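Undergrad: Residues in the sequence shown are numbered consecutively from 284, following my numbering.
Don't read these hints as lab results, they were simulated from the structure.
Errors might be hidden in some of the hints.
With a straight-line Cα cutoff of 30 Å, these simulated DSS-like cross-link-like pairs (lysine-lysine) come out [what the hints assert, rightly or not]:
id	residue 1	residue 2
1	K298	K328
2	K387	K407
3	K448	K493
4	K298	K493
5	K298	K407
6	K328	K350
The following label-pair restraints were derived from C-beta to C-beta distances [to be verified]:
id	residue 1	residue 2	range
7	G306	G337	32 to 40 Å
8	S415	C346	19 to 27 Å
9	N422	R491	36 to 44 Å
10	Q364	K493	39 to 47 Å
11	L441	I473	15 to 23 Å
12	A335	G449	54 to 62 Å
Small disclaimer: the values here were computed from a predicted structure and weren't measured.
Beta carbons are placed, not taken as given, at the ideal position from N, Cα and C, and that holds for glycine.
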Amino acid sequence: MSFAAPRFIVLKSNKEYLGIIDGNGAGDGYLKFSSETQATSSYAKFEVEEAAAGHGLVHIRSCRNNKYWEGVRNNPTEDGQYWIAATAKKPEEDQSRDSCTLFKLILMGTATTDTVRIMHVHSKCRLCLSTSGCVLANNNTSSDDIFTIINRESLLDLPRYVAFKGDNTHYLRLHHMERHPFLQFSSSNISDPNMTMELFVNNDRMLRIKPDFGLYDPLRQTLL
Numbered sequence: 284m285s286f287a288a289p290r291f292i293v294l295k296s297n298k299e300y301l302g303i304i305d306g307n308g309a310g311d312g313y314l315k316f317s318s319e320t321q322a323t324s325s326y327a328k329f330e331v332e333e334a335a336a337g338h339g340l341v342h343i344r345s346c347r348n349n350k351y352w353e354g355v356r357n358n359p360t361e362d363g364q365y366w367i368a369a370t371a372k373k374p375e376e377d378q379s380r381d382s383c384t385l386f387k388l389i390l391m392g393t394a395t396t397d398t399v400r401i402m403h404v405h406s407k408c409r410l411c412l413s414t415s416g417c418v419l420a421n422n423n424t425s426s427d428d429i430f431t432i433i434n435r436e437s438l439l440d441l442p443r444y445v446a447f448k449g450d451n452t453h454y455l456r457l458h459h460m461e462r463h464p465f466l467q468f469s470s471s472n473i474s475d476p477n478m479t480m481e482l483f484v485n486n487d488r489m490l491r492i493k494p495d496f497g498l499y500d501p502l503r504q505t506l507l
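Start from the sequences and build out the full structure, keeping to the hints where you can.
TA: Here it is as structure tokens:
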């Protein structure tokens with residue numbers, strides 16, 4: 284059964300989120316599940332576009348580099364195995380071409396579930412995880428071929444660095460007493476580096492807050 288996905292999605296597998304590699308290297312654009320990828324990061328945001336061909340086929344575009352998913356041959360001499368990378372500059376619906384960017388999201392279970400398998404249309408192979416966490420379309424069966432889809436628009440966007448202001452008009456600040464850290468609403472100086480707090484989302488989608496240990500970011504926002 285094909286799946287009507289939200290327009291913007293985040294994909295999760297084995298408690299890790301899918302992102303693209305973007306480090307100005309040879310692997311740029313390749314898809315990889317990693318514990319370092321946060322659900323709210325631009326690396327993890329993908330747009331699903333309905334294909335002109337219909338039949339539940341879609342193109343998937345990275346919102347980080349603005350490029351479409353496609354299959355890249357792992358080994359030119361091997362048939363039926365492709366790395367999946369967000370490297371196509373435009374959608375391609377010719378299913379006979381290696382550059383075809385068509386995929387199909389196949390719903391697992393009932394319509395109320397959010398788990399899918401994803402088929403690479405050109406190779407007719409399901410996507411699965413490699414041992415490195417990268418994504419392959421492979422003829423071989425794999426247990427790591429089921430993904431959870433999250434509606435990106437259901438996630439709360441927050442700044443990375445913030446400061447907290449208390450009812451006493453003072454800011455929450457990191458202190459140390461006999462090497463024991465503690466937090467207190469005691470600073471009146473917005474430039475105090477010890478009041479910078481970092482927000483991040485764990486793989487369980489729970490928000491975590493931690494002191495940034497002296498890193499002051501001028502883009503920090505104040506939460507009242």
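Undergrad: For every hint, state whether the structure bears it out.
TA: Against the structure, the hints come out as follows:
1. Straight-line distance between C-alpha atoms of K298 and K328 comes to about 16 Å, which keeps the hinted pair within the 30 Å bound.
2. Straight-line distance between C-alpha atoms of K387 and K407 comes to about 10 Å, which keeps the hinted pair within the 30 Å bound.
3. For the hint linking K448 to K493, the alpha-carbon distance of about 15 Å falls within 30 Å, and the restraint holds.
4. Between K298 and K493 the CA atoms are separated by roughly 21 Å; this keeps the pair inside 30 Å, and the hint holds.
5. Among the hinted pairs, K298 with K407 is consistent with the structure: their alpha-carbon atoms are about 26 Å apart, no more than 30 Å.
6. A hinted pair counts as satisfied when its Cα atoms are at most 30 Å apart, and K328 with K350 qualifies at roughly 12 Å.
7. Separated by about 37 Å at the C-beta atoms, G306 and G337 satisfy the suggested range of 32 to 40 Å.
8. For the pair S415 and C346, the beta carbons lie near 23 Å from each other, so the given range of 19 to 27 Å is met.
9. Look at N422 against R491: about 40 Å separates their beta carbons, and that is inside 36 to 44 Å.
10. Take Q364 and K493: their Cβ atoms lie about 41 Å apart, and the range 39 to 47 Å holds.
11. At roughly 19 Å, the beta-carbon separation of L441 and I473 lies within the given 15 to 23 Å, and the hint holds.
12. Restraint check, A335 to G449: a C-beta distance of roughly 56 Å satisfies the suggested window 54 to 62 Å.
In this structure, every one of the numbered hints holds.
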